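A.B. asks: Top line first, the protein sequences correspond to chains A and B. Per UniProt numbering, the first sequence starts with residue 1, numbered consecutively. Per UniProt numbering, the second sequence starts with residue 1, numbered consecutively.
Treat the hints loosely; a few may be bogus.
[Stated by the list, open to error] Computed footprint of chain A on chain B; a stretch qualifies when at least three of its residues, placed anywhere within it, have a C-beta under 8 Å from a C-beta of chain A:
| no. | segment |
| --- | --- |
| 1 | 30 to 43 |
| 2 | 51 to 60 |
| 3 | 87 to 97 |
Worth flagging that the hints you see were computed from the coordinates, not collected in a lab. Source: prediction; values computed, not measured. From the three backbone atoms N, C-alpha and C, an ideal C-beta is built for every residue, glycine too.
In case you want the letters, here they are:
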Amino acid sequence: MCRVVDLRQAVLAKNDASAHELRAHLAARGIAVVNLLSSPGSGKTALLERELLLARERAVPVAALSADLATENDAARLARSGVPVKQVLTDGLCHLEAGMLAGHLDGWLPDDTRLLFVENVGNLVCPASYDLGETLRVTLASVTEGEDKPLKYPTAFGLAHLVVVTKTDIAEAVEFDEAAFRANVEQVNPGVEVILTSARRGQGVGALLDRALAAVDGTPVHSPVMARQPHHHGHPHTHPEATGTMAHTHS
Amino acid sequence: MHEMSVALAVVDQVEEAATRAGDVTAVRSVRLQVGELAGVVPDALAFSFELACAGTLLEGAELITEAVPGRARCTPCAHEWAVGMPPRLTCPACGGTRTDLLAGRELQILDVHWEDGLGPAHTPTREPIPEER
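So that you can see chain B by itself, here it is in the shape it has in the complex (with noise of 0.2 Å):
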């Protein structure tokens, strides 16, 4: 199970981005793209999540995750198609086997929510703004 590598490595980079953007107090959640050929499991993940957050600034965040189900395009013919599980990376149309595949093997952090001291100066309120999306 490399799901606790992999939100090591979520945490880490999610901490690097706060430590340069500075005075950030809390992160509240993480969004994450797994595409379905990523080879990782997101249920294993949030649980190992949970863990890798423990005693850092992500303490407590939510991790949502976004999957991109897999799907190719066959060269030859044209031809788009949801590769499935297990995937079929041969065209099911023309048999072809010279295929592009356009989603699917995702594993990259979107957006983080987080809390800083750096409120804008035309924003009098301290309550926190919805997210847009």
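Chain A on its own, in the form it takes in the complex (with noise of 0.2 Å):
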């Protein structure tokens, strides 16, 4: 017979799963994961080279992953800093997923890392919505970019626990319109912090690095308006939390 089965399921609750899983666990072996989120061209592995360099310098135990369609070369940039590095094929898919992150740590992160960039996919759409189990999530973009790209790509600024601009040095150049952006920020992710950054000139780097080594001894990050558990308030406009595994018919 024909049958109506309330689910009431999140549908990325598996990923959402396996994210709290692996952070527990890393968090058990004092690991961080920061998620660079940006759109392709960004600066990212350039910001990521002086910042490994740096944690190397000070003898911060760091690593590195990086996630790309196809090519090793930003693998190549970042391992010339001498921590470990690994490349990420992910074969045409636009995102990284938790369990897949989980698989490409299995044997390789070493015991004593404190701190493991990732280096997601360059694409501001598709990555915001996986939590890799990270502790910060950073999103990136470049002066170039426009002052309206946290309006365009609200999911990705707006779940930020952190938001650094690149390529401050040819801001001028480009009249990129620093006002204009953070306002942009402000109004998708409010009390967000915003770093200013030009890996050439090295303004701003050792930011990211002194923000991830804050987190990874607890101190509480950023929390954004979006990624906050909604609050109910005895509205008639409610929506369940979306875990029940139990179905229920009605028929």
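Join the two chains into one complex using the hints; note that each chain is given alone, in its own frame.
C.D. replies: The structure is reproduced here in structure tokens:
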């Protein structure tokens, strides 16, 4: 016969569960993941190269995993820092998922690691939906991308714990309006910190490492409005939490 | 475009639920709640869903998406507003930045309409009973 079966299951429940498990597993080993999101060409590899070098100079055990659709170019660049680096080829997939990341860390991530930087696939749409078990989610945008980037990609910027502007050395040439950019970030993610960086000139280099180390040491990270669980106030428009796995039927 | 991954996750979960229930012969439709801020495009999802269903128990199933508008509430002044797209998450009334997002991030399967061989004893007919909502 024909039935309507209530499921009330979050579509990404499996990824969220894997992410939760990975975060707890890594936290028990004293490791935190930093998930870096940006569009292609925003300069996240260049900034990361500098941060990894700095970590090495300061004897902070870090590692980096870079995800791309194709080529090992980024891993080759990051490996010059001397820290453990792994390239993941997603074979066309536009984002990483928590289970994939966990599989790649298994047997590779050194035990003494404190921070793992994950350079997600260059894409501001899809990776935003997938929790990788990170402790710190960082969304980057270069000064050339336009001040309205946070409004065009509200989930990527709205779910960030930290926003990083790159390539400030050419800000003047491209007439980057910092105040407008900050106002747009504030609109989708009130209270999030925005850091200005230039990998070429060294501006702001180390800030990412400092914030990540603070996070691994237990300093509370920013709590984005978009990432908080909805609070219910007894209004009639409440929506049930999406975790139930027991189905009941009404036919 | 991660809508294909989302569609595959939906198919996977419905198939699991069907296996748990036992004796499900076909899935007619799946009703999905998609928040305005879920980062999923319903049209792209519908396209992917059809492909993801091919060769599964869900072959030919209809995807019904229910859009959920984004709504927020200001903690200090209690003002409530529709966040719009792009969303405004600072309070339009007092300018406050302590905001609760009440709705808009939903991405969940609400219910599934399927056929099974487990007819209730009191129903002599095998005619489909219309959905009650």
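A.B. asks: Under 8 Å between beta-carbons, do enough residues of the segment 30 to 43 of chain B, three at least, approach chain A for the coverage claim to hold?
C.D. replies: holds (count 6)
A.B. asks: Count the residues of the segment 51 to 60 of chain B whose CB lies closer than 8 Å to any CB of chain A, then report whether that count reaches three.
C.D. replies: With 0 residues in contact (Cβ-Cβ under 8 Å with chain A), the coverage given for the segment 51 to 60 of chain B is violated.
A.B. asks: Between the segment 87 to 97 of chain B and chain A, see if three or more residues pass the 8 Å beta-carbon test, and mark the coverage as holds or violated.
C.D. replies: holds (count 5)
Hint compliance for this structure: hint 2 alone is broken.
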